[in-house]
Amino acid sequence: TACLCFFNMAERADHLVQPKEGYHWNRLSLEKITRFLDSRCEQLQVIHTASFLHQAFACNDYHNPGSYALVLDFHVK
34 TACLCFFNMA ERADHLVQPK EGYHWNRLSL EKITRFLDSR CEQLQVIHTA SFLHQAFACN
94 DYHNPGSYAL VLDFHVK
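For what it's worth, our numbering labels the leading residue of the sequence shown as 34, then goes sequentially.
Keep in mind the hints are simulated off the structure, nothing from the lab.
Mixed in with the good hints, there may be bad ones.
List time: in silico EDC-like cross-link candidates among lysine to aspartate or glutamate, alpha-carbon distance up to 20 angstroms [as the list claims (entries may be wrong)]:
1) K65 with D47
2) K65 with E75
3) K65 with D106
4) K65 with E44
Starting from the given sequences, assemble the full structure and let the hints guide the process.
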């Protein structure tokens with residue numbers, strides 16, 4: 034099992050590349066990332082952090098709407 038955490042992701046078809054001074058502030062595509070990872074693991078669970086906190090703890094003021102956790106399960110043979 035692995036957990037990958039992303040802080041700037043959105044439910045969009047393509048990554049949004051945003052150059053900002055000496056670096057990039059890119060918004061990653063949830064669709065592209067999950068498609069890439071789905072074929073490499075047995076099971077993939079997507080957790081939108083703000084939605085999870087709202088449902089589990091009635092937290093309505095989480096500061097980052099672009100935060101996601103992806104939980105990957107691998108079958109070891």
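Taking the hints in turn, this is what the structure says about them:
no.: 1; hint: K65 with D47; result: holds (7 angstroms)
no.: 2; hint: K65 with E75; result: holds (17 angstroms)
no.: 3; hint: K65 with D106; result: holds (18 angstroms)
no.: 4; hint: K65 with E44; result: holds (9 angstroms)
In this structure, none of the earlier numbered hints is contradicted; all agree with it.
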